[in-house]
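J.: So you can see what is in the structure, the chains are spelled out below.
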Amino acid sequence: MNVQDRRRLLGPGAAKPMAFSNTTTHVPEKKSTDLTPKGNESEQELSLHTGFIENCNGSALVEARSLGHQTSLISAVYGPRSIRGSFTSQGTISIQLKNGLLEKYNTNELKEVSSFLMGIFNSVVNLSRYPKSGIDIFVYLTYDKDLTNNPQDDDSQSKMTSSQISSLIPHCITSITLALADAGIELVDMAGAGEANGTVVSFIKNGEEIVGFWKDDGDDEDLLECLDRCKEQYNRYRDLMISCLMNQET
Amino acid sequence: MACNFQFPEIAYPGKLICPQYGTENKDGEDIIFNYVPGPGTKLIQYEHNGRTLEAITATLVGTVKCEEEKKTDQEEEREGTDQSTEEEKSVDASPNDVTRRTVKNILVSVLPGTEKGRKTNKYANNDFANNLPKEGDIVLTRVTRLSLQRANVEILAVEDKPSPIDSGIGSNGSGIVAAGGGSGAATFSVSQASSDLGETFRGIIRSQDVRSTDRDRVKVIECFKPGDIVRAQVLSLGDGTNYYLTTARNDLGVVFARAANGAGGLMYATDWQMMTSPVTGATEKRKCAKPF
Numbered sequence: 001m002n003v004q005d006r007r008r009l010l011g012p013g014a015a016k017p018m019a020f021s022n023t024t025t026h027v028p029e030k031k032s033t034d035l036t037p038k039g040n041e042s043e044q045e046l047s048l049h050t051g052f053i054e055n056c057n058g059s060a061l062v063e064a065r066s067l068g069h070q071t072s073l074i075s076a077v078y079g080p081r082s083i084r085g086s087f088t089s090q091g092t093i094s095i096q097l098k099n100g101l102l103e104k105y106n107t108n109e110l111k112e113v114s115s116f117l118m119g120i121f122n123s124v125v126n127l128s129r130y131p132k133s134g135i136d137i138f139v140y141l142t143y144d145k146d147l148t149n150n151p152q153d154d155d156s157q158s159k160m161t162s163s164q165i166s167s168l169i170p171h172c173i174t175s176i177t178l179a180l181a182d183a184g185i186e187l188v189d190m191a192g193a194g195e196a197n198g199t200v201v202s203f204i205k206n207g208e209e210i211v212g213f214w215k216d217d218g219d220d221e222d223l224l225e226c227l228d229r230c231k232e233q234y235n236r237y238r239d240l241m242i243s244c245l246m247n248q249e250t
Numbered sequence: 251m252a253c254n255f256q257f258p259e260i261a262y263p264g265k266l267i268c269p270q271y272g273t274e275n276k277d278g279e280d281i282i283f284n285y286v287p288g289p290g291t292k293l294i295q296y297e298h299n300g301r302t303l304e305a306i307t308a309t310l311v312g313t314v315k316c317e318e319e320k321k322t323d324q325e326e327e328r329e330g331t332d333q334s335t336e337e338e339k340s341v342d343a344s345p346n347d348v349t350r351r352t353v354k355n356i357l358v359s360v361l362p363g364t365e366k367g368r369k370t371n372k373y374a375n376n377d378f379a380n381n382l383p384k385e386g387d388i389v390l391t392r393v394t395r396l397s398l399q400r401a402n403v404e405i406l407a408v409e410d411k412p413s414p415i416d417s418g419i420g421s422n423g424s425g426i427v428a429a430g431g432g433s434g435a436a437t438f439s440v441s442q443a444s445s446d447l448g449e450t451f452r453g454i455i456r457s458q459d460v461r462s463t464d465r466d467r468v469k470v471i472e473c474f475k476p477g478d479i480v481r482a483q484v485l486s487l488g489d490g491t492n493y494y495l496t497t498a499r500n501d502l503g504v505v506f507a508r509a510a511n512g513a514g515g516l517m518y519a520t521d522w523q524m525m526t527s528p529v530t531g532a533t534e535k536r537k538c539a540k541p542f
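Protein chains in written order, with this note's numbering: chain A, 1 to 250; chain B, 251 to 542.
Hints listed in this document are in silico derivations from the structure and should not be mistaken for laboratory results.
Among these hints, one or two may not hold up.
[To be verified] A few chain B residues that face chain A, going by a derived Cβ cut-off under 7 Å, partial list only:
| id | residue |
| --- | --- |
| 1 | 262 |
| 2 | 263 |
| 3 | 264 |
| 4 | 292 |
| 5 | 309 |
| 6 | 310 |
| 7 | 311 |
| 8 | 362 |
| 9 | 451 |
| 10 | 487 |
| 11 | 489 |
| 12 | 490 |
| 13 | 491 |
[Stated by the list, open to error] Pairwise CB distance ranges (calculated):
| id | chain 1 | residue 1 | chain 2 | residue 2 | range |
| --- | --- | --- | --- | --- | --- |
| 14 | B | 465 | A | 128 | 27 to 37 Å |
| 15 | B | 320 | A | 206 | 31 to 41 Å |
| 16 | B | 351 | A | 215 | 51 to 61 Å |
| 17 | B | 531 | A | 98 | 54 to 64 Å |
| 18 | B | 524 | A | 128 | 41 to 51 Å |
| 19 | A | 128 | B | 255 | 18 to 28 Å |
| 20 | A | 225 | B | 300 | 23 to 33 Å |
| 21 | A | 55 | B | 350 | 55 to 65 Å |
| 22 | B | 465 | A | 87 | 23 to 33 Å |
| 23 | B | 302 | A | 128 | 15 to 25 Å |
For each residue, glycine too, the CB sits at the ideal point set by N, CA and C.
Between the sequences and the hints, there should be enough to build the whole structure, so can you do that?
T.: Have a look at this one:
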């Protein structure tokens, strides 16, 4: 079984892989952890509404308010509509994000987020029930603002922006899931997500399956911790979504 | 309900409703419940303690409904006479302690909305969301364009599959149905998609599919006119743009038409290929659906 690869220059038989000692240069600690302190997360208030837009099939409003921050966004679902062009045995989903905020995110970023969301909902919506049709989802970011007006230097401002787009994603997922459920479109499960440290993880099946993973920046060694925090948030959002849908039912 | 499983009353997407199978032993007889996922549900695999399990899961918000799938008379007869059918099998080889085994198929479905909130609990939602045209469905269409080979139509509504005993369509199996659906017209759901925006599902009725007799001599212009409302059946999902439809049945064809290319009043079918305007008495040719 000792097949030698003669195309490569191999080292002597007793060679060991090189190992480097840990770098001693000091890597500046990132402050992104401080931007979303754990205390704030637990005190975050979430309010959910569905079915308030008349001319679409389903809609949802998500408002999140924590001590120093307030976010609200609206999702609307249109369809299933007929598509033109070649035959598709499954439905297709398109998601568009529209920024109603004070010019914070460039279109590239929003497109990235919407394609990320599309990836999630392609695996969550029961697409095989919708041949030859398309489902259009529009997300409108209405409000995202720090309530505290402490002066910040430019550097931390830019950090805020980069961490905020990831902090919006879980709310986008919550609102789209609610809007789809409101539209009566078949979903395999209620998708939800949590955000920790610029990392967004989206779950289904009670946190047993991951349907989406987004990472902006931040440290990579605490990935498992991020995962746990995301799952915690997901469970909270999911319970809220279900109670919202059930309240509406009764 | 003749099953032992405790179903949840209200479901939401991702809610586990029941396992794929259930068993019960009653009077020395094994009853196996085979739960079949119906509309609004899906059979989904779950990992539990390292094992893969399948469970019927809700995909809609609504009330859970389960009903036994009735066997046809033929099957029941066979079951009565023959002990070794698929439905009933002796489990043990020894004839003394024969355990009889019955398989019950139970259709589990989730209907959107609550029992109270729904006007008629037998119909699906009032839009295309859970009601896309499928093969074999009856649809109401409007003629948009004619050519020598085909009529192009847009699909306005799909006749819902489940229909109650007392309401016309399908009550006697695949029997004859009044044009326009008779009293079953309530089961027609009008699409929310506005036809003005070109958002509707489109269909094609090929000249061969207009009627079942003399089909190679069909003149499309003598069967339909633009604007006619046509009741048709879906033959296939067709290509990307069009569903393929047929009117080759007595109860399918034009149900509403205006005289003089839409300028006159409504006409009534006088026979299977003639419509008359009661005001002017003028007649026009159409492929009419059987009016009564």
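J.: Please go over all the hints and tell whether each is borne out by the structure.
T.: Tested hints:
1. Look at residue 262 of chain B: its Cβ gets to within about 5 Å of chain A, closer than 7 Å, so that hint holds up.
2. Hint status for residue 263 of chain B relative to chain A: holds, with the closest Cβ pair at about 4 Å, below 7 Å.
3. The beta carbon of residue 264 of chain B is positioned within 7 Å of a beta carbon in chain A (closest approach about 3 Å), and the interface hint is therefore held.
4. Nearest Cβ of chain A to the Cβ of residue 292 of chain B: about 6 Å, under the 7 Å cut. The hint holds.
5. Checking residue 309 of chain B against chain A: minimum C-beta separation of about 4 Å stays under 7 Å; hint holds.
6. Taking 7 Å as the C-beta cut-off, the interface hint given for residue 310 of chain B holds, the closest approach to chain A being about 6 Å.
7. A cut of 7 Å between beta carbons decides the hint on residue 311 of chain B: the least distance to chain A is about 5 Å, and the hint holds.
8. Checking residue 362 of chain B against chain A: minimum C-beta separation of about 5 Å stays under 7 Å; hint holds.
9. Hint status for residue 451 of chain B relative to chain A: holds, with the closest Cβ pair at about 4 Å, below 7 Å.
10. A hinted interface residue such as residue 487 of chain B counts as satisfied when its beta carbon comes closer than 7 Å to some beta carbon of chain A; here the least separation is about 6 Å, so the hint holds.
11. Among the interface hints, the one on residue 489 of chain B holds; its C-beta lies about 5 Å from the nearest C-beta in chain A, closer than the 7 Å criterion.
12. Among the interface hints, the one on residue 490 of chain B holds; its C-beta lies about 4 Å from the nearest C-beta in chain A, closer than the 7 Å criterion.
13. Residue-level restraint check for residue 491 of chain B holds (minimum Cβ-Cβ distance to chain A is 6 Å; threshold 7 Å).
14. Separated by about 34 Å at the C-beta atoms, residue 465 of chain B and residue 128 of chain A satisfy the suggested range of 27 to 37 Å.
15. Distance hint check for residue 320 of chain B and residue 206 of chain A: the Cβ-Cβ separation is about 36 Å, which falls inside the suggested range of 31 to 41 Å.
16. In this structure the hint that residue 351 of chain B and residue 215 of chain A lie 51 to 61 Å apart at CB holds, the actual value being about 54 Å.
17. Between residue 531 of chain B and residue 98 of chain A the C-beta distance comes to about 58 Å, which sits within the given range of 54 to 64 Å.
18. A hinted range of 41 to 51 Å for the beta carbons of residue 524 of chain B and residue 128 of chain A is consistent with their spacing of about 44 Å.
19. Between residue 128 of chain A and residue 255 of chain B the Cβ separation comes to about 26 Å, which falls inside the hinted range of 18 to 28 Å.
20. Separation of residue 225 of chain A from residue 300 of chain B is about 25 Å and conforms to the stated range, judged on CB atoms against 23 to 33 Å.
21. Take residue 55 of chain A and residue 350 of chain B: their Cβ atoms lie about 58 Å apart, and the range 55 to 65 Å holds.
22. For residue 465 of chain B paired with residue 87 of chain A, a C-beta distance near 26 Å keeps the hint of 23 to 33 Å intact.
23. At about 20 Å, the beta-carbon gap between residue 302 of chain B and residue 128 of chain A stays in the expected band of 15 to 25 Å.
Consistency note: the structure conflicts with none of the earlier hints.
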